[in-house]
Amino acid sequence: MKKRLWVLTFSMLLGVTGGPAGAYDYKVDDPYVSTIVGTPEVLEWDRLPKKVDYELLGLKVFPDRPTPDVFWYQREFLYTLSYQKQEAPLIFVIAGTGSSFYATSMIFLQKAFYGAGFHVICLSSPTQMNFITTASATSVPGNILEDSQDLYRVMTLAWEQVKDRIKVSEFYLTGYSLGGSQSAFVSKLDDERRVFNFKKVLMINPAVSLYTSAKILDDMLLQINPNLTPEIFDRWFDERLAKFAEAYKLLHEPPLDHDFLYEAYRVLHKKGQTPRREDLAGMIGTVFRLASSNMIFTADVMANYGLIVPKNRVLGSADSLTDYMKVTNRVSFIDYFNEFLYPYSQSRNPGLTKEALIESTSLRSIESYLRNSPKIVLMDNEDDLILAPEDLAFLKEVFGSRAKIYSRGGHCGNMTFRDNVAYMLNVFKN
Amino acid sequence: MKRALCLMLLTAFIFLSGCGTAPVRQEPEIPAKRPVGEYVKPDVTYAIDAHDPWEPMNRRIYNFNAIFDNYVFLPVVQAYEFVLPVFAQKGVANFFRNLTEITNLTNSLLQFKIEKAVNTFGRICINTTVGLGGLIDVATLNDGIAREDEDFGQTLGFYGLGPGPYLVLPILGPSSARDAAGLAVDTVVYSLMMQELIGLTGLGSPEDDILNYSLSALYAIDKRHGEPFRYFKTGSPFEYDLIRKLFLIKRQFQIDN
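Residue numbers (the working numbering), protein chains in the order written: chain F, 1 to 430; chain V, 1 to 257.
Simulated from the structure, these hints should not be mistaken for laboratory data.
Computed from a predicted model, the values in this text were never measured in an experiment.
Where hints are given, some of them may not hold.
Okay, derived cross-link-like pairs now, DSS-like style, lysine-lysine, Cα gap no bigger than 25 Å in a straight line [said to hold, decoys possible]: (1) V:K223 <-> V:K245; (2) F:K243 <-> V:K116; (3) F:K271 <-> V:K116; (4) F:K270 <-> V:K250; (5) V:K250 <-> F:K271; (6) F:K243 <-> V:K113.
Here are some, though not all, of the chain V residues that point toward chain F, as calculated from beta-carbon distances under 10 Å [unchecked claim]: (7) P31; (8) V36; (9) N70.
The C-beta atom is built at its ideal place from N, Cα and C for all residues, glycine as well.
Build out the structure end to end from the sequences listed, making use of the hints.
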């Protein structure tokens with residue numbers, strides 16, 4: 001009840017309840033706010049089933065791969081399946097950077113597609129811990145071509161695992177953020193290997209260049225302070241946490257997924273508190289940093305690379321990781337690219353230049369494929385924070401009439417907005 | 001029953017302790033490119049730091065809890081959710097929440113939080129009578145009187161006692177030396193009240209072990225049923241650290257309010 005009151009107040013503040021028919025009613029025009037706060041509940045797609053039954057399924061992708069003691073709980077690759085009783089299309093959904101199928105956005109998409117009559121398989125991002133430990137061939141994510149091959153492998157295995165139980169008419173594919181970019185690469189692989197013959201592929205707020213987008217997100221932290229030191233960051237972060245404690249009381253339980261920080265801001269925002277721009281940017285940067293830290297540490301241990309944990313050191317299941325966490329939190333994605341991903345890739349492919357690696361993790365490397373594949377559709381926003389101006393121009397030019405670009409929404413902030421969901425579902429229904 | 005449980009706990013501990021001593025790689029260690037020694041200053045307190053001198057034991061118990069959750073606790077809870085209709089699950093939850101108001105009441109009084117005490121007393125009266133012995137939470141309906149969670153750990157904190165070392169309790173999860181002691185006190189008060197109630201209502205004899213165990217088991221199942229937390233769902237290799245930090249912040253906030 002109280003919750004509904006906030007929403008009402010919030011929507012009145014924004015003046016979002018009315019508006020002429022046909023106009024785009026998503027009114028949050030600050031992309032930093034929309035990226036964090038998302039869509040006010042009153043404006044969300046309201047035809048979601050209340051509850052979706054799903055099965056949590058496990059796969060042994062590499063049966064001979066030992067699980068390091070420190071990651072003893074990552075024994076198999078996990079994914080979820082929600083299925084219809086009758087024959088229906090099957091859609092694969094790929095999560096954004098560092099996210100699993102438990103992420104709020106993933107659960108939303110699962111419900112939306114299931115409610116619209118699809119079988120739904122939700123896949124964690126190749127940058128997420130469970131994926132890196134159990135399903136990544138190299139355990140060193142970030143090379144989008146290789147990550148997409150890993151994705152294709154688990155999709156094929158998952159399909160093998162469930163195909164006797166569900167009746168599938170045709171296959172679809174979607175993903176948001178980095179998962180959106182990966183959808184395009186997976187689609188290209190499928191055109192060669194033809195396991196699924198995807199009928200439609202929808203990219204939602206994809207990164208054009210992984211390197212550029214990661215740099216933009218890394219630099220968000222510098223908006224807290226251009227000369228950010230760990231001490232300044234810690235002080236800033238402690239202040240934010242103190243504010244959030246208030247929000248935690250209002251939330252039933254602190255949400256403990258990696259974007260719990262966003263959730264706390266949502267609650268504060270509903271109460272009418274608008275944080276300063278540098279705090280918003282700082283929080284986006286922090287959430288990205290936490291996700292990339294999880295990825296970097298996991299990759300470092302799995303590949304025994306020796307970036308943060310000494311090479312050849314074996315960590316036990318009860319060893320303290322706190323000090324490693326402190327170091328990892330100071331490693332940016334670009335540091336990871338320069339000090340780990342690039343030298344690692346070069347050791348396997350001696351002639352590789354850094355520019356070539358950057359290029360190969362960009363949608364530009366498959367430009368002609370994107371140009372000539374009518375089944376691939378794009379949904380994006382003019383003010384998407386992870387795109388440089390030339391990236392947006394590239395998307396518009398390459399996709400032409402297959403691009404639906406909304407004027408507002410930031411990075412994925414309008415993904416649950418009713419018009420956007422209607423558009424997404426419509427893509428697959430036609 | 002109790003003995004079987006102890007044995008199981010013991011076995012699990014030994015098994016988990018075993019996990020820590022893995023075969024060591026043959027190759028010599030090579031220093032990391034970004035070594036801890038260079039990046040972490042011993043004299044600086046970082047945001048993620050906590051007073052956790054029992055960390056190795058705590059981490060083992062944390063891992064044990066995850067295994068126990070996976071193989072024992074959650075399957076039992078799932079069976080409970082499968083067997084009992086949703087309205088009955090709600091009834092059970094409300095019933096125990098009404099009984100545990102005794103903890104909120106005593107601790108509100110101990111901290112002289114009169115408004116909270118009055119609210120809690122009002123809730124008990126309404127829910128026990130109109131709410132049919134606590135099965136329905138009538139008091140909360142229509143923006144009525146919200147529940148005020150207070151416990152003895154918070155009371156101790158209110159009088160200035162710090163949390164002491166962080167402590168992960170078997171099965172129950174994150175706590176601290178102070179909060180664990182508080183929990184023990186709250187549990188004694190609750191049990192005494194239950195003994196009285198069982199006697200008064202004529203449900204059975206207060207010495208009836210089967211009745212006591214059944215009630216405790218149902219209480220535990222209901223509590224887990226209402227708790228959305230799942231181990232290792234964060235997808236972070238640093239989950240232990242994150243949970244520790246959040247728990248301590250949350251407790252401090254509860255004490256301050």
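Evaluated hints:
1. This hinted pair checks out: K223 (chain V) and K245 (chain V) have alpha carbons roughly 23 Å apart, not beyond 25 Å.
2. This hinted pair checks out: K243 (chain F) and K116 (chain V) have alpha carbons roughly 23 Å apart, not beyond 25 Å.
3. Simply put, K271 (chain F) and K116 (chain V) have alpha-carbon atoms about 23 Å apart, close enough for the 25 Å limit, and the pair holds.
4. Under the criterion of a C-alpha separation no larger than 25 Å, the hint pairing K270 (chain F) with K250 (chain V) is consistent with the structure, at around 21 Å.
5. Note on K250 (chain V) and K271 (chain F): the hinted pairing holds, with a Cα-Cα distance of about 20 Å set against a maximum of 25 Å.
6. In summary, the hint linking K243 (chain F) to K113 (chain V) is supported, as the alpha carbons are separated by about 23 Å, within the 25 Å threshold.
7. Among the interface hints, the one on P31 (chain V) holds; its C-beta lies about 6 Å from the nearest C-beta in chain F, closer than the 10 Å criterion.
8. The interface hint given for V36 (chain V) is met, as the beta carbon of that residue sits about 5 Å from the closest beta carbon of chain F, less than 10 Å.
9. Of the supplied interface hints, the one on N70 (chain V) holds, with its beta-carbon coming within about 9 Å of a beta-carbon of chain F, less than 10 Å.
Hint compliance for this structure: every hint is met.
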